[in-house]
Structure formats: C-alpha cells, structure tokens
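Protein sequences appear in the order of chains R and E.
Numbering follows our numbering, with no gaps: position 14 of the first sequence is 14.
Numbering follows our numbering, with no gaps: position 414 of the second sequence is 414.
None of these hints come from the bench; they were simulated from the model.
Careful, some of the hints might be misleading.
[To be verified] Here are some, though not all, of the chain E residues that point toward chain R, as calculated from beta-carbon distances under 7 Å: (1) R157; (2) C184; (3) V213; (4) S215; (5) H216; (6) K303.
[What the hints assert, rightly or not] Pairs of lysine-lysine residues, derived as DSS-like cross-links and limited to a Cα-Cα distance of at most 25 Å, are as follows: (7) R/K43 <-> E/K178; (8) R/K61 <-> E/K212; (9) E/K40 <-> E/K87; (10) R/K34 <-> E/K303; (11) R/K36 <-> E/K40.
[Claimed, not checked] Here's a subset of chain E near chain R, in silico, CB distances under 8 Å, partners left out: (12) Y183; (13) L204; (14) F286; (15) V289; (16) S290; (17) V293; (18) T299; (19) S304.
As the structure is a prediction and not an experimental result, all values here were calculated from the model.
Cβ coordinates follow ideal geometry from the N, Cα and C atoms, glycine included.
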Amino acid sequence: MEVNPNYTLAFEELQEIVSEIEKGEITVDELSEKVKRAALLIKICKEKLTTTEEDVNKILKELEAGEE
Amino acid sequence: MPETIDNKNVFSLQEVALSIQSTLAARYGSSFWVKAEMNKLNYYPKSGHCYPDLVEKSEGKVVTLMRANLWKDDFAAINNNFLQVLKEPLKDGIKIMFLARINFDPVHGLALRILDIDPSYTLGDLEKEKQETIKRLHDEGVFGKNKTCIMPLLPQRIAIISVETSKGLADFREVIDKNPWRYCFFYMLFPSLLQGEKAVEGMLAQLNNIRKVISHFDLVAIIRGGGGDVGLSCYNDYALTREIALFPIPVVTGIGHSTNETVAEMVAFTNPITPTKLAEFLIQRFHNVSVPVNKAQETIVDKSRRLIREEKNTFQAQVKLFRSVSRNILVENKGNIEELTGKIVQQSKFLMRNQKEQLSLLTTDIKNKGMFVLHEASQRVNRQALMMKKDAVAMLGKFKLQVAQHVLQLKRVSKFRFSLGSEKIIYAQVRLSERSQLLLKSRSLELYNLEKNVSNLDPKNVLKRGFSVTLANGKSVRTTAQLKEGQQIKTIVYDGEILSDVKSIKKT
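For reference, chain R alone in the conformation it holds in the complex (with noise of 0.2 Å):
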C-alpha cells in the first residue's frame, strides 16, 4: 500500500475500502484508520480532479531539445 498513491491506485484502494465497509467487513479496531485512509484518499483522488501540473512552456522546451 502507497503512501501516496496516484490516482488510479488511490481511486481503487478507496474502492475496496468502500466495498469492505458495505459488507461489513470492518472492524472498529480498523476503522479509525480505514476512514482516514480512505479520508487521504478521496482528497487525492478529488485533487487530481480539479488540478494538474503539466505545462506548455515546459513540453515545448522539450520539443525543442528534440529537435536539435
């Protein structure tokens, strides 16, 4: 398990935690620390929604060194 984990390995972990918590599959010893996972989790995975960190100038720098 990742500590941070990209978003797709974050979207499904959180996932499998939903799916386990439905069926009842968590304990109370467990949840204190499946929900705060799962709270680190979806703010990754709603992060990765609304940003991003590419940038042009740097893709065409790139395109440039490239070309050379």
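Based on the hints, put chain E in the right spot on chain R.
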C-alpha cells in the same frame, strides 16, 4: 504562304502553328472521354483558371504527361459537382474521367481542354482507395491496435491536433473550460491542416511531435469542425490511419459528421464524432471517477457512524449483562463462603475434642505398660544374680578338692623320688674314690718320666757337655753368611761369656 529563299520553301512559325491547329481541328473535331490521373490541379486563384498536369503511369513510372486547361467557368461547375457528389473538391492526386477536346494554341501549344469531369469515377476510385487502406491495415494486423490502448482513469492531459481558428476547437474548449464541476484538463494544441491535400502531411508531422513528449499526455484528440463535409478523404490515407492505429496512447476523433465514417475514425480508440461530444466524453470519464468518490465519501461516513452506533449499543448491552452476572456470582460466592466457614469451625471443634480424648487414653496406656516392663526386668535380674551365686559356690568347692588331691599326689611322688636319689648317690661315692686312686697312680708315673726328659734337654746341661752358643748383634750365629770380617761376636759357655773379633771367615 511560304516564301522561297535559296530554292527552299520556308514557312513562318505562325504558318506552321496555324497549320497544326487546322489539321488537329479537322482530325479531332469532337470531344471525347479520357481517363487519367490529375497529378497537379495548378489552380490560379487570380484568373480562376486551372492548368492541370495529367499523367498516366505504368508500374509507377510516368509514361505519358500532358498539360490540360480547365477554364474558370468549367472549373466552377465541375468543382461544385464534385463537392456535392464526393464531398471533396477537385484536388491533386485524384483519378479523373473527363470530357476533353484537343486544343492547340499557337502561343500556348498543345493542351487538352477539360470540359467536364465525371465525379462518380473519382468517387469510385476514392472508395476503392479507402477499402484498400482498410484491407491493408487489417492485413498488417494493426487495424484495432489503438482500441487496445489503456485509457487512464482520468484522461486529463490532451494533445489536440486542430487549427487555432477551428470552430470545432472552440466548441471543444467551451465544454471543457466551462465545465461546472471544475474538472481540470490540460490540453495543448499541435496545429495542423485538417482537410485537403496538406492535411495528411501536417497531421503525421504533429503526431510525430506528440510522440516526442508523449509522457505528458493521456490521449490525442483530432478535432475538426465547421468545415462541413468536404475534404475528408485525407482521413482515409493509409500512412495517416496506420500511424493513428499504431499510436501508443488513445487517439480520439471529433472531426464532424460525414456521410461515411472515415478510416481514421474507424481505427481511433473511440469516435465521439463531434468536438462537443468528444469533450463530453472526457467529462463523462471524470464523472466516472468523481461520482464514485463522492458516493464513497457518503458511504464511508454513513457506514462508519452506523458501525460505531452499533458497537456502542452492543457494548452497553454487554456492560449491563456483565454487571448483573457479576453481582449474581458475588452473592452466590458470599453465601458459599459463609456456609463453609461455619462448617470449618464445627469440624475443627469436633476434631480437637476427639484428639484430646485419644491423647489421654494413650498416656494411661503408656504408664501401665512401663510399670509392667520395669517389674519384669528387675525380677529377671534377681533370678540371674541368684543363679550366678550358686554356680560360683559350686565351682569353688570343686577347686578346693582338686587342689587337695594335687597336694597329696605331690607329696607321694617326692617321697619316692628322694629315696631313689639317695641310693644312687652312695653308689657314685664308692665308685668315685676307687677311680680317683687308680688315676692318681698312673699320673704320678707319667710325671716322673717327663721330669727326666726335661732335665736332659736343659741348655746348661748341653753347655756342660762342651757345647757353646755364638751371638752376633744379639742373635745366634748359625751360618757364615751372618758374619763380616772385623765384626765383634759373643760366645756363651757353661760358666760365662767370651767377646772376640772375627779375623777371617772360611766357608766349609
């Protein structure tokens, strides 16, 4: 008319040209249908005329090349017809079947004048080309390749092949940029012509560029719009469609409606058809993540609360149960303890009493038995003492008797021995005196004989008979060897001594 110069008929250039012109006009009076490939349209926008290069190829080589004329009005009519039938304008590199007339112009030379072009011939040819492209891609096994790419969960980074001014691009941006869910996309335009002859080349070049920075992108979107249905035959081009099919990330097309789906659209990952639909397709992918995430949040909150509530209830019930059960156990155990305490006290009292009785019983018993043993022992001792006394007296008597007997015997024996001894002594006295007188007589005879011998042997008696003894140095001289001449010697005789010196020595 020809002039005669130096006996030769000489024609003017114009005369020759006009002659050719009239000959051709006479020979090729009517128009006829010709099929050829239009290598170049050579359209001059200023005049509106076209001067197409027509070729015929055999095994890839040009075997015939002719120039043609397509006048402004004819071109307009034909082009309209093409656009209607083919959805394509007249352009370079298509096969055409055209109505022509041979035309010779003194200035411009020989040319085929194109009067009409049958669009259905070209259409068939284009369709044939399209089918060939599809077949080749299938044969090479690449037709469905792009569809097997994995579209990321969030197709967020888009390389757009389009034109800055395209209406389609504007539509796409409208949807993407203004989405009310604030989904964030990153897109970058790789500009290229999207229709007509230069489109294939341009799009291939941009796909090549995108390949160089492919790590930054999740998909390629080819976006075109607002251009109507014309000029789409480039999307059937073999090289372009092959590149799309083989592209390492999904290629999505939104190139607008056409009556027939182009090969590019067929091989693309997906074909939402219009730029708007393409944008909505991407938004939908975001929804596919966003909705479950939101739902997950709700579910987790809801289920967690319920779980905690349930656990709390269970816990409280357990506490209640525990309290009641433990109280019962306490009471029960207290009763048991009290009961047992009573029993222990009673039992120990009983035991004490019992032991005490037994103890006193044993004490008496020990006293009685001790006395008895003591009495018996003293009796035994007395008895033995008595027996010992009797024995001693008996033994003493016996001894006395024995001693007396011994004394009597001793007396008797000594008396007898004494008488025997005195007889022997008397006998011995007699014998002793007899023997002694005998012995005395024999000894005195012997002594007389001996006395006579001894006086014979005395030196004085010898000397008296005339013998002497000579001494030298105190020793008797027996040989001449004992003496030296001049030595003093002493000679002993019966009545004294004579001293003399040795005059000479003579051995006998």
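Hint by hint, here is what the structure shows:
The interface hint given for E/R157 is met, as the beta carbon of that residue sits about 5 Å from the closest beta carbon of chain R, less than 7 Å. Because the beta carbon of E/C184 sits about 5 Å from the nearest beta carbon in chain R, less than 7 Å, this interface hint is met. For the restraint placing E/V213 at the interface with chain R, the shortest Cβ-Cβ distance is roughly 5 Å, inside the 7 Å limit, so the hint holds. Here the hint on E/S215 is broken, as its CB sits about 9 Å from the closest CB of chain R, past 7 Å.
The beta carbon of E/H216 comes within 5 Å of a beta carbon in chain R, closer than 7 Å, and the hint placing it at the interface holds. A least Cβ separation of about 4 Å between E/K303 and chain R falls short of the 7 Å threshold, and the interface hint therefore holds. Distance hint between R/K43 and E/K178 is fulfilled; the C-alpha atoms sit about 23 Å from each other, no more than 25 Å. Only pairs whose Cα atoms come within 25 Å are accepted, and R/K61 paired with E/K212 is accepted, the gap being roughly 11 Å.
Distance check on the hinted pair: E/K40 and E/K87 sit about 19 Å apart at the alpha-carbon level, within 25 Å; holds. With a CA separation close to 12 Å, the supplied pair R/K34 and E/K303 stays within the 25 Å bound. For a cut-off of 25 Å, the pair hint linking R/K36 to E/K40 is broken: about 69 Å separates their Cα positions. Taking 8 Å as the C-beta cut-off, the interface hint given for E/Y183 holds, the closest approach to chain R being about 5 Å.
Against a cut-off of 8 Å between C-beta atoms, the interface hint on E/L204 is violated, since the closest Cβ of chain R lies about 16 Å away. This hint holds: E/F286 has a C-beta 6 Å from the nearest C-beta of chain R, less than the 8 Å allowed. Given the 8 Å rule on beta carbons, the hint for E/V289 holds: about 6 Å separates it from the nearest Cβ of chain R. Taken as an interface hint, E/S290 checks out: its beta carbon lies about 6 Å from the nearest beta carbon of chain R, inside 8 Å.
Below 8 Å, beta-carbon pairs count as interface contacts, and E/V293 has one with chain R at about 5 Å; its hint therefore holds. For E/T299, the shortest C-beta to C-beta distance to chain R is roughly 5 Å, which falls under 8 Å, so the interface hint holds. Taking 8 Å as the C-beta contact cut-off toward chain R, the hint placing E/S304 at the interface holds, the least distance being around 5 Å.
Checked against the numbered hints above, the structure violates hints 4, 11, 13; every other hint is satisfied.
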